[in-house]
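Enquirer: These protein sequence lines map, in sequence, to chains P and D.
With the numbering used here, the residue at position 55 of the first sequence is 55, and numbering never jumps.
With the numbering used here, the residue at position 69 of the second sequence is 69, and numbering never jumps.
Hints in this document: simulated from the structure, not taken from any laboratory.
Hints should not be assumed to be uniformly reliable.
Below are the SDA-like pairs computed for lysine to any residue, each with C-alpha atoms no more than 25 Å apart in a straight line [stated by the list, open to error]:
#1 D:K59 with P:A29
#2 P:K104 with P:A39
#3 D:K136 with P:E88
#4 P:K104 with D:F38
Derived contacts from chain P toward chain D, CB cut-off under 8 Å, selection only [said to hold, decoys possible]:
#5 E23
#6 Y25
#7 D26
#8 T27
#9 E56
#10 D59
#11 S60
#12 Y61
#13 E88
#14 V89
#15 A91
#16 T92
#17 R95
#18 M96
#19 G97
Idealized CB from N, CA, C, for every residue including glycine.
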Amino acid sequence: MKGQGSIPILRVGSTLLATVHVELYDTVAEAFQQDVLLAIERTGAVGLIVDISGLETVDSYVARVLADTGRMARLMGADTVLCGMRPEVAATLIRMGYAMEGVKTALNVDDGLARLGASTGPLGKGRPA
Amino acid sequence: MSREVLSSVVMPIAGEDDVVLVRRRVRDLAQAQGFDAFATAAVTTAASELARNALVHGKGGRATVRELNEDGRAGLSIQFQDQGPGIADLERALAGGYSTARSLGLGLSGARRLVDEFDIDSAPGRGTMASITKWKRLY
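Looking at chain P on its own, in the form it has when it is part of the complex (with noise of 0.2 Å):
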């Protein structure tokens, strides 16, 4: 569809770094999801951060799929990170009564890594094809 890019994810060690850079449309969204999931089992992850510092508008659908996202990379093992939430984002959600509970959160992308401990070393295997 128009107007629509996917969400690069890039390994730093045995982390992965996903940049949302662009109007998150709900396909997207829910793509990058299942992109994220799929990283993870490729690459043996054991860290996910997801930089937000681009995104100016976070409704209550983009809200669950980034929280939901995390949920589900835990669940898989990987850690992770939600950063770089813009203070107008955060107070919108917080008014709108969703505190995102249960997602770690950092300021930028340095302080999220920091908060992973992250572990830069070499990748896991991931799981066998």
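Could you slot chain D onto chain P? The hints should help.
Expert: The following block gives chain D in isolation, referenced to the frame of chain P:
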């Protein structure tokens, strides 16, 4: 107190792209009117919730976006009209935590908390009309 409508645009809500277009237009207008980042995020997010509601629950509809001026104070109002089944239990829907599909059930209650004025009219078989207004903060 006189409320003046400076501009009015009707936008269709028939697909996911339209939700994004409504969101983008509301954000652009809020910024153009000098809303601060918090008010811009609030009204944009509220519009996003209601546009998605109109698409997902209301089987599509339209949004009317209006720039307002009330005695020199800038404002933005967005009215959403859909042709869906309507909401049987409005009170419960507005209380939050009530969801029939694809949302947290925070859509209506969340949107209401983000804006200065909120109106809704719905009944089974009549579709839903929801209207929000946000005013630029006075310092």
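Enquirer: Checked against the structure, which of the hints given earlier come out wrong?
Expert: none
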